[in-house]
Every structure is written in structure tokens, then in C-alpha cells.
Amino acid sequence: MDKLVTAAIVVVVVPGALITYIWGTEQVLRLLPERLKPTVRPWLWLAPALLFLAIFLIYPMIGTIIHSFQNHAGTQFVGLDNYVWFFGSEDALTSLKNNALWLIFLTLFVVGFGLLVAVLVDRVRYESVAKSVIFVPLAISMVAASVIWLYMYEYKPPGTEQTGTINALIGTAGLGPVPFTQVQQFSANTFALIVVMAWMWTGFGMVIISAALKGINPELMEAARMDGATEWQVFRGIIFPLLVPTLVVVSTTMIITALKAFDIVFTMTNGNLGTNVIANQMYAEMFKFNQYGRASAIAVVLLLAIIPIMFFNVGRFRQQEAVR
Amino acid sequence: MVKRSRWLVPVAAAAIVLVGCTQGTSNNKTVTIIGTWTDTEQANFLAMVKPWEDSSGYTVKYQGTRSINDILAAGIPTGVLPDLAGLPGPGQMADYVKAGALQPLDDVLDISTYTSETNAALVNYGKVDGKTYGVFIKAALKGLIFYNPKLHDYSTGAPKTWDELTQMGAANKGNAQALWCLGIESGAASGWPGTDWIENILLRQSGPDVYNDWWAGKVKWTDPKIKAAFDVYMDVVKNSFGGGTNAVATKFQTAGDPLFANPPGCELFEQASFMSGQGAFATKKADTDYNAFPFPAINPDYATAIEGAGDLFGMFHATDGAKSLMKYLVTAPAQDIWVKAGGALSANKNATDYPDNFSKAQGAAVAAAKQFVFDASDVMPSAMNAAFWQHIVSLTSGSETVDAALTALQKVADDAYKPAS
Numbered sequence: 001m002d003k004l005v006t007a008a009i010v011v012v013v014v015p016g017a018l019i020t021y022i023w024g025t026e027q028v029l030r031l032l033p034e035r036l037k038p039t040v041r042p043w044l045w046l047a048p049a050l051l052f053l054a055i056f057l058i059y060p061m062i063g064t065i066i067h068s069f070q071n072h073a074g075t076q077f078v079g080l081d082n083y084v085w086f087f088g089s090e091d092a093l094t095s096l097k098n099n100a101l102w103l104i105f106l107t108l109f110v111v112g113f114g115l116l117v118a119v120l121v122d123r124v125r126y127e128s129v130a131k132s133v134i135f136v137p138l139a140i141s142m143v144a145a146s147v148i149w150l151y152m153y154e155y156k157p158p159g160t161e162q163t164g165t166i167n168a169l170i171g172t173a174g175l176g177p178v179p180f181t182q183v184q185q186f187s188a189n190t191f192a193l194i195v196v197m198a199w200m201w202t203g204f205g206m207v208i209i210s211a212a213l214k215g216i217n218p219e220l221m222e223a224a225r226m227d228g229a230t231e232w233q234v235f236r237g238i239i240f241p242l243l244v245p246t247l248v249v250v251s252t253t254m255i256i257t258a259l260k261a262f263d264i265v266f267t268m269t270n271g272n273l274g275t276n277v278i279a280n281q282m283y284a285e286m287f288k289f290n291q292y293g294r295a296s297a298i299a300v301v302l303l304l305a306i307i308p309i310m311f312f313n314v315g316r317f318r319q320q321e322a323v324r
Numbered sequence: 001m002v003k004r005s006r007w008l009v010p011v012a013a014a015a016i017v018l019v020g021c022t023q024g025t026s027n028n029k030t031v032t033i034i035g036t037w038t039d040t041e042q043a044n045f046l047a048m049v050k051p052w053e054d055s056s057g058y059t060v061k062y063q064g065t066r067s068i069n070d071i072l073a074a075g076i077p078t079g080v081l082p083d084l085a086g087l088p089g090p091g092q093m094a095d096y097v098k099a100g101a102l103q104p105l106d107d108v109l110d111i112s113t114y115t116s117e118t119n120a121a122l123v124n125y126g127k128v129d130g131k132t133y134g135v136f137i138k139a140a141l142k143g144l145i146f147y148n149p150k151l152h153d154y155s156t157g158a159p160k161t162w163d164e165l166t167q168m169g170a171a172n173k174g175n176a177q178a179l180w181c182l183g184i185e186s187g188a189a190s191g192w193p194g195t196d197w198i199e200n201i202l203l204r205q206s207g208p209d210v211y212n213d214w215w216a217g218k219v220k221w222t223d224p225k226i227k228a229a230f231d232v233y234m235d236v237v238k239n240s241f242g243g244g245t246n247a248v249a250t251k252f253q254t255a256g257d258p259l260f261a262n263p264p265g266c267e268l269f270e271q272a273s274f275m276s277g278q279g280a281f282a283t284k285k286a287d288t289d290y291n292a293f294p295f296p297a298i299n300p301d302y303a304t305a306i307e308g309a310g311d312l313f314g315m316f317h318a319t320d321g322a323k324s325l326m327k328y329l330v331t332a333p334a335q336d337i338w339v340k341a342g343g344a345l346s347a348n349k350n351a352t353d354y355p356d357n358f359s360k361a362q363g364a365a366v367a368a369a370k371q372f373v374f375d376a377s378d379v380m381p382s383a384m385n386a387a388f389w390q391h392i393v394s395l396t397s398g399s400e401t402v403d404a405a406l407t408a409l410q411k412v413a414d415d416a417y418k419p420a421s
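Residue numbers (my numbering), protein chains in the order written: chain A, 1 to 324; chain B, 1 to 421.
Pulled out of the complex, with its shape left as it was, chain A reads as follows:
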């Protein structure tokens, strides 16, 4: 019954409110002089979105920054204590190091494999099938993907039946078993987690790069081939330079994804054995330890790390718009 009421409200009241708003803005606009109308109308249309942005994004962001200078319950200002704690805690520094690994290697994996697959499948007849197969993992939720990979990585002691997919496979060749998520040397377990994310996002990189690839004028390549360029020279001299703006967009998206990494770490190792990342640590400080100040400080550090990349990304978009 409750659900029916909800459905009715969404179906009737929401469009009703929208129509009333549009109608209302037009009524207001009528009162204005003619030359002001084109300036005011877009702002009226934007107003609801801006309002929600302010309530759900700007206000919490300012709140978080203020909290980051307060004690655990937010009752007292403690200056820079939370930041001093963050940069002095060994766990936090491990998380920072891991986020750096995520950032570098996830981006390399996704851009590298995405480019490779996009260029290769561009030349085969079953392109759409191959692309679909690689794209599918992106549609899986992160937690589900983590669970899948927990089964892939599962470890049983040597001499017993291996139930993990990878260990069972390499077992047939007489190798292993390898405790993938338990090996801490050289951050091997962090790489095992990065592989999961790369498995999911390679499809995304591939689709974007592939679209850009289709946009390259084939006559350019044909002309190069006529002049005797090898396929490698065509790639190095024509395809790659023309793809660079797209690769940059994919890279910046992946950098932001890497900084936000949480679900996979939380589900697969919970940050144990040196695999913790900043987002997971923020979650623990906030919801497990009730340290609102520290959690906010971590959030602010994360925000500051993301801002330059965002500016860079927006700048890129502007440049592209200008070219068009």
C-alpha cells in the first residue's frame, strides 16, 4: 500500500510540480521588460538544479571543511590537530601510498588495455561482440565484482583441492597455490585488487577510445599507407596523436576513480595486510570510531587531491569546445 502511494506521488505530483514551475516562471517573466527576458529565463530554469546542488553538494562540503578543524564530536575547534594526526599516522601514510599505486597502475591498465583492445577490434568483423564481452563487467556492481574475484583468488592449503578459479587453473600445470590477497611483499595484494577494478573499467576506456578512433578520417590513414608508411608508423604518427585528447579524458576519469576506490578494498580485504585506501579509512573513522573531525580531515585531503585534476579536465573540455 505504501509503495502504491509512493508510485502515485512520483507519477502525479512530480510532473505536476514541474509543469506548475514552468508555468509559474513564464508568468513571472511576463512582468519583466522584453530585453531582460533572455537573460533571466535560463537562470529560472537552472534555479532548481542550482538549489539542489547547493543543498546536497556545496553546503555539505563547507560543513566538512569546518568539521575537519573540530574535535571528534564537532563541539570544539582543535586547529590543525586532525591534519597533524593524518600525516603522522602510519596507517594513513600506507593508505596514501596505496592510493598512489591505484592512481598510477589503474590508469595505466585501463588506458593501455582500452587502447590496445580498441585498436585491435577495429580491424575484425566480430568487433561488436568482442566489445560487448569486454564492456559487460562495467555493468556489475563493485561489490558483486569483488565477490566474483574473491572466488577467483580463493586459496586453500597446498595438497587440498583448490576451489579458487585461478589456483585451480594453475594447479593443473603443477603450480601454486598462490595466496593472492594475502601476499604483502611488493604490495602484491594491492595489485590483486587493482586488477579487479581494471577488469571492470577497461571496457569503459575501450568504448571511449574506440569512438574517437571511428572519428579519425580514414583518408588520412589511407594517404599515409599510399606513401608507404608501415602500420606501426600509421599508429605512431596519425592514430596516436589524434587520440591523445581522448586518452587524457579517460586518464583523468580513471585517476578520480582510483582516488575514490573503496568498495573493492572494503569487500575483499577490509584494508587488512597493508591494502587500506583513504576512502576506506575515512569510512572507518566516521562510522566505526565516531571521529567526525578526523574523517572530515581525510575527506578534505581527498578533495584537495582531486581538485587540480578536475580543473585540468574542465580546461580540456573548454579547449575542445573552442576547437569545435
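Warning: the hint list may mix true and false statements.
When the alpha-carbon atoms are kept at most 25 angstroms apart in a straight line, the in silico SDA-like pairs for lysine to any residue are as follows [unchecked claim]:
id: 1; chain 1: B; residue 1: K131; chain 2: B; residue 2: H317
id: 2; chain 1: B; residue 1: K220; chain 2: A; residue 2: E90
id: 3; chain 1: B; residue 1: K418; chain 2: A; residue 2: G79
id: 4; chain 1: B; residue 1: K220; chain 2: A; residue 2: D91
id: 5; chain 1: A; residue 1: K97; chain 2: B; residue 2: A188
id: 6; chain 1: B; residue 1: K251; chain 2: A; residue 2: T163
These aren't lab readings, by the way, just hints derived from the structure by calculation.
Everything numeric in this text was worked out from a predicted model, so none of it was measured.
Mind docking chain B on chain A? Use the hints.
For chain B alone, kept in the frame of chain A given last:
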């Protein structure tokens, strides 16, 4: 159309938020409950409340989750709380009382009956400043050592001391591949079975006073007494099936399964009494397929202390339904329903409908215990608890030394036990 759909999204979102809020408050004839029980345990709990639902006309809306700590911690400041909830432990219970969220039960329950029917140690754990806020509706005994009687039957001559256990274990190993089975993987709570080990060892080595001072932050982690307990644990890891790597990779639920393998992976397996509802134990018969003996004394002075845990239950909204259900849950007939289904020990002394001698013995031990200590990691501040779990995982996997772990844990303790500013 395109322009309209752009702000249709936020408006629709707002509508959903508004509707969601109105749904959050329960109507008069339901009682909302959040607990840690899922699967079989959830079914047993629902069977337990069924007679009450039938007689009172109320419906119970139950949600089982392993992240109860996080949900309640987020619910306290926002006020989005269930009517009744399983509480993570006495430490968190005291926090919730301080935050003014938990309701006192002194006028809800028949306190004198409740006190007479329940072990005094358990009653005390539910109190804050003399008032009762939490009751135990089931209990568990920690530090049981499970064995497969078909390999060697310890029911007539269980080891009384740790040295005896080591000798007898080696003598009766038969074709088992290792002495111990060990598995400490448990999702976001990975490491807790290892902390149970440390607690049981420390309790028998240094006694309840040191134990209680330790979790209260008055004994340092770097104290030789604590290190001694860790050293014994590291020895267990060394003698475990598949070694530390396997222990870290193995879920606690299935960690004891190699007991029943052929040839057996191990001879002995330490876990709490609720293990009888988990993994391969769930399909085996107590008494004949598996049995258990109590954790032996290490220092003979501390032979009588036992470590237990319980499912503490508290009330956030004092509605009529919640009060009536609370009153029902502490009674013997209610607790007997779960006890009979297996996998649980009752907190109520009069609920003794155990399905086998195995659980009956543990139930009697809980009811009679003179020195009953609570699971230490559950009562530590949550940051301390999480660090304890985390370092147990590192230690077990062999990527950290005991001294390094204890120094790191003391560093966390220096911060976690600081009085709130």
C-alpha cells in the same frame, strides 16, 4: 523535453526523499528490529518472536546485518533508529546511553524475576549507572575446543592444563595433518577469532583482573603478560593446518571443516559455542560427530574463569509494542524456542530445552559461572577493537612481529582511551 527532464531528476529525488522519510516511522502495530542474525539465526529469532506476534497482534519487521555497529553509529545523531536492536557490546551500549538514545528497561521488565533467572555477571553487563539498558536474550561460551570423537574421544579425559593439552594432542594426533585448525577471515570483522584466542590465553595465564584491566586500557599492550599471551597464540598459528596464510584466507565458518576430512586436516579447533550452527558442524551431530572440552587452565589459579559473549538487546523507542516484546524476550519459554533449535545458549537459567548433551553442558557452564568475563575486544573502544583485529591478521599472516604489533597497538591505545575532549 530534454530541458524538462534535467530538473525532473532532482525534483523526483526530493519526492522520493520526502516519501522515504514518512515511511521511516513505524505505524502502531509493528515493531522494527535490527540485529546481527542472518540466515539460520534470523529464522530462529523470527521463530522465537512468532508466538508473541500471534498473541499480541503486532508484526515484527526484522532486518539482519553484520554492520550493526555502523548503522547504529550513523543512526544515533540522525535519530533514524529501530524500536529494538541488537547492540554490538556493552561499550557501545554505554555510548548510546550517554547519547540519550537508549531507553531504560527498569520499568519495562519485571526486574526481580529477570535478575533471579539470569547469571549475575550478565545482568551487570546490561547496566549503566545502576540502570538496566540491555538484556541478554542468548549467550555464547567462548574458548571451547572442538574435536572429532572418531579421531580421539576426549569426553572421559579432557586435558586440564595447557601442557597436558599439548602432550595429549601430540599423542592422539593419529593421521591428522596438524594439531590445530584456524580460520580468522570474517569480512569487515576479520581477525576476531584470533582475538578470541588471545583473550582465552590471557584469561587463563594472568587471570580475570589483568584481563579486565587490559581491555579497560589500564594494562599496556607492551606489558610482558600480554606478550606472553601473543607468544602462545603464535605457537598455535605455527601448528595450524595450512599455516598462517591459510588461517588468514579461511572463513571462520568453515575453518573447522578439516576436522571431518579424511585424512583430518587437524585434531582440535577452538571456537565459541555458536560454532555448532556453522559450516560443516551444522550438518553433523553433536556428541557423536563432534564434541568439545573447555579451554584448559594455563596458570592453575585461574581455572574457573570463563569467557562468554552474549547478544545484548536494547530499546530505542519505548512504544507499547517494543515494551511488550522486550518483556517477552527475556522469559524462559521465549528463549527455549531458540535453544531447542540449536546453536544458542540461553541467558535465562530456566530455559534448558537443549537438543543435545553438548549444548546442555555449555548452558550449565554459563548459568553457573562465578567468574564470567565478556569478550574483551567487544568491550574495547571501537578504534582499539579494529586495530586489534587488523594486527591479528598481520601477525597471523606472518607479515609482522609480535613486538612491532604490540608497539603499534599501544600507540592506538594511547589515542583511543583518551577521555573525550
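Hints and how they fare:
no., hint, verdict
1, B:K131 / B:H317, "17 angstroms, holds"
2, B:K220 / A:E90, "20 angstroms, holds"
3, B:K418 / A:G79, "18 angstroms, holds"
4, B:K220 / A:D91, "21 angstroms, holds"
5, A:K97 / B:A188, "22 angstroms, holds"
6, B:K251 / A:T163, "14 angstroms, holds"
Checked against the numbered hints above, the structure violates none of them.
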